Amino acid sequence: MSLARSFPRVFLLMLVVWAVPSVWAAEFTAAAEVIEDRCLTCHDSDTKKGGIDLSPLLEKANASYGNYTRLWIRLENMVARGEMPPENKKPLAAAEKAAIQEWFHESFVLRDGKSHIGPTPLRRLTRYEFENTLEAVLAVPLKVPYRDSITGTLTESKITALVPSDIPGESGFDNDAHRLGALKPPLNAFADAANYALDQFRRNPAAIKAVLGRAEIPSDVSEADAKAIISKFLLRAFRGNAARLPDYERAFHGLYAKHVATSKDSRASLLHVFEMILVSPEFLYRFEHSQAQSTPYPVNGLELATRLSYFLWAGPPDAELLNLGQDGSLLKEAVLKKQIARLLNSPKRIALSENFGGQWLGFGELMANREYLLNERWNRETYDEALFFFDELIRSNRSVLELVQSDWQYKRASALQAKGHGYQQLKPDALPRMYADIFANRQSKTRNRKTRYDPPVLVQRQGDRDGGLLTSAAIMRVTSSKTRTSPIRRGVWVLNTLIGKSMEAPEDVPSIEEAREALNIKRNPTVAELLKQHVSKAVCHACHKEIDPLGLGLENFAQFGEWRTNYPDMTPVVASGEMPNGKAFESPHQMKTLLLELYGDDIAKNFARQLFAYALGRQLQPYDRLSLDQIVSAAKQDGYKTSTIIEQIVLSKQFLYRQDL
Amino acid sequence: MKQDSYLIPRRTFLKGAGVSLALPFLEIMKPAVSHAKAKAAKADPVRLCVLYKGCGVNPHSWDIVGGTETEFELSKILRPLAPVQKDIVVLGNLDNDGVSSHMDAPGTFMSATKHKDANRYSFDQRIADYIGHQTPIKSVQLTADNVWKAHPWLNILSYDKSHQPLRGQHDPQSAFDLIFKNAAQATRQTELASVLDGVRDASSSLLRKASSQDRQVLQQYFDSLRDVEKSIERARANGQVAAADPKLAEIDPTLEAGNLGERVKAMMDLITLAFWTDSTRVASCMLANTNSRIHYDFMGVNAEFHYVSHHVRNKKVLPAYDSINIWHTAQLRYLIEKMKTLPDGSGTLFDNSLILWGSGIKHGDYHSLTDLPVVLAGGGGGQVELGRHVRYPEARPFGNLLLTLMKLMGAPAESIGDSTGLLPGISSKANFKPVNPDDGSWKITQSDGQTLTAKGLLRIEIEGEQEYYLLRLSDKSDLEIRIPFMNNHRLRFDRNVGKVVVVTGQYKVIGGKKTLVSLKAAKAP
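In order, the protein sequence lines correspond to chains A and B.
The first sequence: position 638 = 638 (the numbering used here), numbered continuously.
The second sequence: position 93 = 1093 (the numbering used here), numbered continuously.
Rather than coming from a laboratory, the hints here were simulated on the basis of the structure.
Since the model is a prediction, treat every value here as computed from it, not as a measurement.
Please note that a few of the clues may not be correct.
[What the hints assert, rightly or not] DSS-like, lysine-lysine: derived pairs with alpha carbons at most 30 Å apart:
#1 A:Lys264 to A:Lys227
#2 A:Lys158 to B:Lys1230
#3 A:Lys90 to A:Lys583
#4 B:Lys1181 to A:Lys158
#5 B:Lys1499 to B:Lys1086
#6 B:Lys1149 to A:Lys348
Using the sequences and the hints given, assemble the complete structure.
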């Protein structure tokens, strides 16, 4: 490493060593004292209540990012929410609470007293993004075409058949840069997929015209012409990034020349070189210019264009966005906001519902996991109801709280064929639409009534059973087994996934099935009785007072989402319970109302947190807190509208800036 | 695709979801097989197949009680293996270390190394790294259980040398293509090699210019590049089966994914075929992961495997739990019988294979890692003495079995994970002393009006959903033990079944017989 490059780091290191102890020593000592006095009675290395040993946190060396980061985060969470010390112990005094939070803020949120965004990881295309990117670069359709009839199978695209799906990372999403970066990319699969896509491209005159600006891929061109074609293709494939273009031009021109000398066929040789380009690192990874800085600095326009399109479209920027990026005008806030709106007005925004929504809420498994396969119609209808619902939140700029309750919903077309269904279809102007209908072309043209597949229809909520994505057939199914519902699974889903509260069962607490006999429950207890008994035990109570009502309140929805008032054995369903704040409910609708009352802000914040992590391609860290708070508080002003959250994410330092160390 | 000239129409070969390995198909493969054989070394190569079944067992339905090494009665779960009892070795008292979560169990089983993600290099891959260069495909990973987009870890068995997880093929058609067709397309292989070669040339400067963090990520890219290149070279050097018989590339069996039963059968067939054609010598298959949500309705049990595996406080699920495990041992029998029909070298394919069948946890509810349920089958090229039940007198690290299998596969190593050495009793009789011999000391040693202490061999009986215990005494009588659930639970008393144990507790006289009704202590003598 050159001296020039190593200098800032050495300097930084000196600064840390010299500055930190004197400035922070007092704050750390204060926090450590609180931990020692108030936490270690239960959480020392011997007692380790709930499997938690906080004694290492007394070491100064463990008091910043390192092996104990997670433990610190957990401690700070518990203290901030007032969940520890537990109810039967004296709560922390304000000063004690402040001591822990202040140290945490200094040490984990700030760096050297300043806000920062942490190192920016290199991002690799996911399978989903790879397919979108190939489609855009080659101007050929590769995804499964939408079908308006039932054919008997749920087909996947050739690309998804060839390329394995990605393993989600700590962020919970498969676009997690750290996970993708730690794994070997399946290059043989990428190459086969690119080869297939180029084969489609080769046979598609319109695509050739769009990409190369000529009627055909020439089979006999001059070397100069061929080089021009390759250069053009390179820039397109590399999303306008010309940083290392001359190097690549030289290399790929050379490779072309070598190949064509043997093949004597410029078309074959061009396609061969195209395939190389489509599996090259510059295509598969989104490189940004690094300044080796430990403080945030703005990315350039082109980099921002790419970040923005992969966030909102999970695909590459189009020509307009590229131009604005290239000339730097995208860096102006007004231009950027306009582009956000333009991108959200495009059919490509389906990525947000399909890829983000499908992964976050889990309804994506309905189309991918054989576990949920019932029949083509049911799976498509169930999935589409959720997909259309999620998109409607964005399309009409609605509040994310409508995930829980809404006056409208998408209802499967087959349900509207039954006589006396009573549903009232909403007129196109019933909701104040902000963006275009991306599903407009999905109306069925098939006449055959048996095989016809119609997309779900926007209807007015009917009575108290309907409304909200939470009680959609999709969510009710993915939180159940095939043969029965599980209030616990559902309750945990609401808490974990929707509210964003992590529920880690301590190792010494038995699950409810295990506790059944321990609690001396009669032979065939009802579901509610079983849960009630469970909650009466203190060790179970802590979590199950929160979990159980959320699941019990959904018991009127059977495992495939249909409404029921009796269990299969004809015992009545009782969907009543009491929320942790003591308020009682007697129906799913009432439970959802209380859910919003009690956890509305948490749900909105969690939506923002999840989308932020998805946008950044990494798990959020304490240093992201200031931005997250800003996003959430701005969104709260207008009742948590989706567009505000999206816009605020894009305007955050994390999204606009970069940091290397 | 043109109508082929085979004996039977394509599309009927591995018909639909059923995928029976029809004899004509094997006949067609013959030239390819002989080709592969001609290339093979003089000694018949040995193949390794690992079949993993998660969710553990109900120990009482699994454990073989009594008998000798060669004369023993199969337990309830092992009974499907009765027709092939002379072809298996049931191993007992092999332990792994640590606790085992759903995600962790398969990886620990394959590497004897704790913790998902960290430094795992599974034993099948260690073997493949040794011998994989001799076959067109280094190793094959399959997963019959459903794959969760959000939790793919559940189904991962194998980790390569750089600790990368190797994901299994879930779709039998893709697996077929991978084994018999992809690498068979010589033209495409050449093209692919040239593409990757070009990419390497064009991008080599990138690595130098990248920032240090980016470089770490890029390293994975270039490692992958090298892997693919190696696999192409390997396929070339070893003459892909289909390359020897180009017609094979036109076989299109149109395998459907079907239900779990159909998938498992298809995968057993594919493994058999891959071994027989010497396309690869190492294969693994995830039959069921340790959080398997599959409903076994295709074999008449409409319940989730994982749900019924948590059976301790929910006894009514036990029949379903046992049935599913019994089905899984039946799949092993299917593979054994299939392999035995195929001539290979001087014997059959079975004689030249090693099959390891097992679960990474023993007790389905407690997720215990001790005394793992393991069956070994296959002659291993004459290296395994079959038809035995070997129960190690003291617990041995499970890693010792992996180390032993590595040696038998020609991939010797010093150790794997927490292994301590090779396992005796695999290639020849163990001749251990019988377990739990009655030395005449099994009796009530102390008794007053209320409490007693007794020593004996603990067994279990099930009456409907109710279990009770019997302590076998030297006078051949049984002392009944009927204790409340929590008493049992706190002592983890159930774990003593099959062992000699000393118990102390309160008794009542019921029907003229002393019956222990609560226990104070239970421990090994």
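Checked hints:
no. : hint                   : result
1   : A:Lys264 to A:Lys227   : holds (15 Å)
2   : A:Lys158 to B:Lys1230  : holds (25 Å)
3   : A:Lys90 to A:Lys583    : holds (25 Å)
4   : B:Lys1181 to A:Lys158  : holds (16 Å)
5   : B:Lys1499 to B:Lys1086 : holds (26 Å)
6   : B:Lys1149 to A:Lys348  : holds (22 Å)
In summary, this structure violates none of the numbered hints.
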